[in-house]
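**Student:** Taken in sequence, the protein lines are chains Y and F.
Residue numbers for the first sequence follow the numbering used here, beginning at 5 and rising by one.
Residue numbers for the second sequence follow the numbering used here, beginning at 34 and rising by one.
One thing to keep in mind: the hints can contain errors.
[To be verified] Rough simulated footprint, nothing fancy, chain F against chain Y, three-plus residues with beta-carbon under 8 Å: (1) 30 to 37; (2) 85 to 96; (3) 129 to 143.
FYI, nobody ran anything at the bench for these hints, they're computed from the structure.
Using N, Cα and C, we set each Cβ at its ideal position, and we do this for glycine too.
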Amino acid sequence: MSWLVLTRWSPYGVGAGIGVLVLVSFILSNRPIGCSTAYVRASGLGEELFQGEKVQSNEYYKKFVPRIGWEVALLAGVVLGALISSGLSGSLAVETVPELWKAGFGSSFLVRAISAIGGGFLLGFGARMAGGCTSGHGISGTLQLAVSSWLALFCFFLGGFGVAYLIYIVVGGI
Amino acid sequence: MLDRFREKRSLRLITALVVGLLFGFLLQKGGATEYEVLVNQLLLRDFTVLKIIFSAIVVGSLGFQIVVRAGIADPSIKPFKPKPIIVGGLIFGAGFALLGYCPGTLAGAVGTGSIHALLGAAGMVAGASAFANLYPRINNFIEKGNRGRLTIPEVLKVEVGLTLLIVDLLLIVIMALIEINNL
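Just chain F, with the same shape it has in the complex (with noise of 0.2 Å):
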């Protein structure tokens, strides 16, 4: 049933808008398509971006083991490419800061009537088409150290149900440290 549910394309994409509405509900409510708490928290001075994320994995973590072992949904990784992954983090880090907002909580942003953020979004567009234009010369750069679709239990020899909860337990305990201190 799911699977007839899943390929009608209307039904689809009316998912993923329902879908994306709750998404821009909670990142708004939790404050996180404010410039400010974003700025914040890149900054040190306010926590709230860090909290959602982490609590965010931590519930969605534990029940995606539930929903694949259910064979329900399968995973989907992407690939360890430790090189493009390093520099295109870093570069969307910088963005991030000079922007003072991220791809999911730019366009919540201009839902809130940001117009910086609209601005960011074309910037966005045209970053992402340069990209793309690039693609053909960078290809090596991009694809060649790709490492396949690895997981942390598999890389460490540990077993899943192990590493989740060393990972939430330690999610847990700094999100434990930042309240505590008041963050």
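Looking at chain Y on its own, in the form it has when it is part of the complex (with noise of 0.2 Å):
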């Protein structure tokens, strides 16, 4: 069993796998794999603290109810399964400031906590607009062929190497 001990399988390997593993959610649970719907599922409960029963005539959380349910689940098992793996490999550590980022723009925990935040709002409400993320889009709705799906991957992608060229090369200078 050595190798589930390794830091890194081959990239091949694991997108098979991650191939299989859609085929295995849509034949146990007719759906896919998508991981951004949990965090607006996350939101509305959030809400539901605040404001109680008015969340609930929000026409977008009519859409997504806020409750736990299939998709939070499934996004969970991803913390463990990352938390286990990392643990056997021996590569589980706490990690504030990453090297690459400290390169550009310093080691500055405010800046680069600042930064995730803003980072993972855009990335929160651009999933939203779009309907999907990486996994939702880019892999289980690419593979069953959706034109939605390859248009979004392309966006993804398309804003995603402009903007870090903008942030670290223009920018940090990395």
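Hey, can you piece these two chains together into the complex? The hints should help.
**Tutor:** Here it is, written out as structure tokens:
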């Protein structure tokens, strides 16, 4: 079982495994793997804490009812799976400011924290507008040959390449 | 038998948790939960992420046709809404670059101990909340141009099998080119 403690597996093997896993998800649950919906369930649950039942009148939360269901369980599994995997290979470690970020923007945790929260905000907003993320559109949708998902995957990376170039090369000078 | 398995809430949640666990395990083993791997992909310095996505599509697309044709599962095609997909996709890309993770790899990174990923997840929940609250006002923009649940073979009027062959061969050629150039 030494392969379980390896730090890295071949990306092709991992990709093939994820392809099979999407099929397993279709077979057992009749649904694709997608990660971004869990975040909107969480946001609805959070808003319910402050606003109570008023949240249920929001048009968007009528479509994505705030509750702990399949998507939230899936995302909890992802956290757990990566925890087990990194634990087995000894790469489990607290990371506050990654090295690559430090090279461009220094080791201030505050600066990294603000950029991470801001980046997360755009990610959450954009994923809801586009109707999915790298897993829901980018893998599960594209493999069904959905037009929407191929366009989404293209735009995710087009935006990603462009803004990464601006942030890390132009501004950060890495 | 599958229907009864799918309908029982506790079994559904356990299935989701186990599928997620394997997904997180694979993402971590592939390096896709690491900030540097993801950012270096966006900077075109490391192609690990695209190798994972493309090989998942090749394997999954072939298997998916078998599963659907055997009547075991139903397609789940997201509607084609060009404008929100383009605008939302580009905003997503900007967030991907600034945060250095996407929604799934973000959750995985939290599991490996990334504190900035945890903050990013909080930001994501806030972004999703902002979208939900803005939705009634931008409803027209989001829903108006809905062209339906289109697939590539439907649009091109080509057989599914042929489309699959072309798409998968194209992805394999791209991966081969990436390998040949040692990227």
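**Student:** Please go over all the hints and tell whether each is borne out by the structure.
**Tutor:** Status of the hints after comparison with the structure:
1. 30 to 37: holds (count 8)
2. 85 to 96: Satisfied; 9 residues make the cut.
3. 129 to 143: holds (count 15)
Going down the numbered hints, you'll see the structure goes against none, and every one checks out.
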